[in-house]
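Chains A and B, in that order, are what the protein sequence lines are.
Position 124 (the first sequence) corresponds to 682 in our numbering; numbering is contiguous.
Position 168 (the second sequence) corresponds to 433 in our numbering; numbering is contiguous.
A couple of the hints might just be wrong.
As the list claims (entries may be wrong) - Subject to a maximum C-alpha distance of 27 Å in a straight line, what follows is the list of computed DSS-like cross-link-like pairs (lysine-lysine): (1) Lys469/B x Lys706/A; (2) Lys469/B x Lys721/A; (3) Lys721/A x Lys768/A; (4) Lys721/A x Lys480/B; (5) Lys535/B x Lys349/B; (6) Lys768/A x Lys706/A; (7) Lys706/A x Lys681/A; (8) Lys706/A x Lys480/B; (9) Lys469/B x Lys382/B; (10) Lys721/A x Lys535/B; (11) Lys706/A x Lys773/A; (12) Lys726/A x Lys681/A; (13) Lys726/A x Lys499/B; (14) Lys721/A x Lys773/A; (15) Lys382/B x Lys480/B; (16) Lys469/B x Lys726/A; (17) Lys469/B x Lys480/B; (18) Lys768/A x Lys405/B; (19) Lys349/B x Lys726/A; (20) Lys706/A x Lys784/A; (21) Lys382/B x Lys768/A; (22) Lys726/A x Lys784/A; (23) Lys726/A x Lys405/B; (24) Lys480/B x Lys390/B; (25) Lys382/B x Lys349/B.
As the list claims (entries may be wrong) - Example chain A residues on the side facing chain B (calculated, C-beta under 10 Å, incomplete): (26) Asp618; (27) Gly620; (28) Ser621; (29) Gly622; (30) Ala669; (31) His670; (32) Thr680; (33) Ala682; (34) Val713; (35) Arg741; (36) Leu750; (37) Gly753; (38) Asn764; (39) Lys768; (40) Ile787.
It should be emphasised that the hints constitute simulated quantities derived from the structure, not laboratory data.
Just so it is clear, CB atoms sit at the ideal spot from N, CA and C, and this is done for glycine as well.
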Amino acid sequence: MKNSLIEPQENPSQGSDILNASFKRRSFLQYAGAGLAGVALIAAGCKKEQVSHDMGEGVDLGSGDIGILNYAYALEQLEAAFYAAVIQNPYANMPANELALLTDIRDHELAHREFFKAALSTKAIPALEVNFSSINFSSRDSVLGTAKVFEDLGVSAYNGAGKLIQSKEYLLLAGKIVSVEARHAALIRDLLENGSFANSEVIDMNGLDKARTPKEVLTMAQSFIKTTINASSLPS
Amino acid sequence: MNIVNILEEIEKVDAEVYERLNPRRAAMKQFFNFGSKVAVAAVPLALGSMFKKAYGQTSTAVAVEEVLNFALTLEYLEYYFYQKGADTAGLIPAGSPAVGAINTIRDHEQAHVNLLKTAITGLGKTPVAFTAGQFDYTAKGTFPTVFSNYPTFLAVAQAFEDTGVRAYKGQAGNLIGTPGVLQTALQIHSVEARHASHIRQMRKAPAGGGVSALKPWITGANDSGVPQVDPVYKGEDNLIQGGVNITSLGFSTNASTEAFDEPLTMAEVKAIAGLFIR
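Sequences are here, hints too, so could you generate the full structure?
Next up, the structure:
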């Protein structure tokens, strides 16, 4: 890629064992088990880096295409943390096929998150703190209901952000991810209610999926994110 | 540098070059006047600018129309396919959830057809028109039982949906100058992905063929179990995204390919769709 944003990782070994490293973190176990109000989301390499930001301003996503990529990175952080917790602490009697599918989705979201982190490099926002206190991880309805919200929200976020992207390459990358999110959304919906993969809740009379602005998306997502996100510099 | 020679060369590949330049007579005049004042080294630059003026806007308009008519062709292909499937007695198991699912998908494709027709007409262009009879869903005999064998019907449906996802993805970049059209295309794109996800689940069910290894997402190059549709999945095993090898981040090859859907070019999609057009 021509843009200097995408450059080789400064420390390629950093993310080499991200899956295992992440799940060994005591903090994951803590919040998965005890339902803490909010726990630091551990980034690649599992450094115990404390999110340090001005509470008054929040984490600034930045402007232009970098801002949009950071916006996507923030959403992927949220989804990855959620599914990591789901798999860490599966709901009661989770059938094998659901465990396999949800594990796949976890891996996809982690891959998205780690991709954005690597691609954004020094321009990446820090790890966000999530707040999953409203989710009952031992309840299938709560977990899948939340998954449905996150996946539909993710699809609408990418659909709304596409026109804000200036670079063809980044637009294509967003396109590569959004259809995978839509596949997730449809599957989660079918697990909850077979045949609801693209019902009128999400698809309008013109056969169109939802598209939401970053402001709309972040307003909906903020209750699950402890860190304040500042999207004021994003293109609109 | 001889401007006349250049124009004659262009005329060989674009007979309308003089007409294109004609409305821009002011630009031509400006260019020729330039000649006496501008150093010879700067002439190619000025020439490029002149042709950009002549071709720039029209080429954008053509691109959008071309993308939309391309999309409309695919939507017709899908719509008539599901319509025929729904109308074929005994194909889709009666009383099963499959009936509702196929109807839902058909209705979306029909809505896409109508929306795209309106959009193209709105641009002052002519939408392509297809009738059901113009499509050959056996793909010239490759799938002879497409409307008599339910698993085959679903296998072809999966190929159509995954092709649709890849087709819209491949055209997004061509719509970057028309934000409204781009967003609409993206809103269709994710619907096709939802369809693909569900069709893949339907194929896993015993009645749908029991393709148990199939997932709602695309694993590697052609996970469909149907070698005849290899071109539909060409390149889906890509591991490099934006210069980053996803497996180097600690993910399995399968997860790395599943996490990112890949585009197809317009030519690749047309080659696939062409198999189904008489």
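Hint check, failures only: 2, 4, 7, 9, 15, 16, 18, 19, 22, 23, 24, 26, 27, 28, 29, 32, 33, 36, 40
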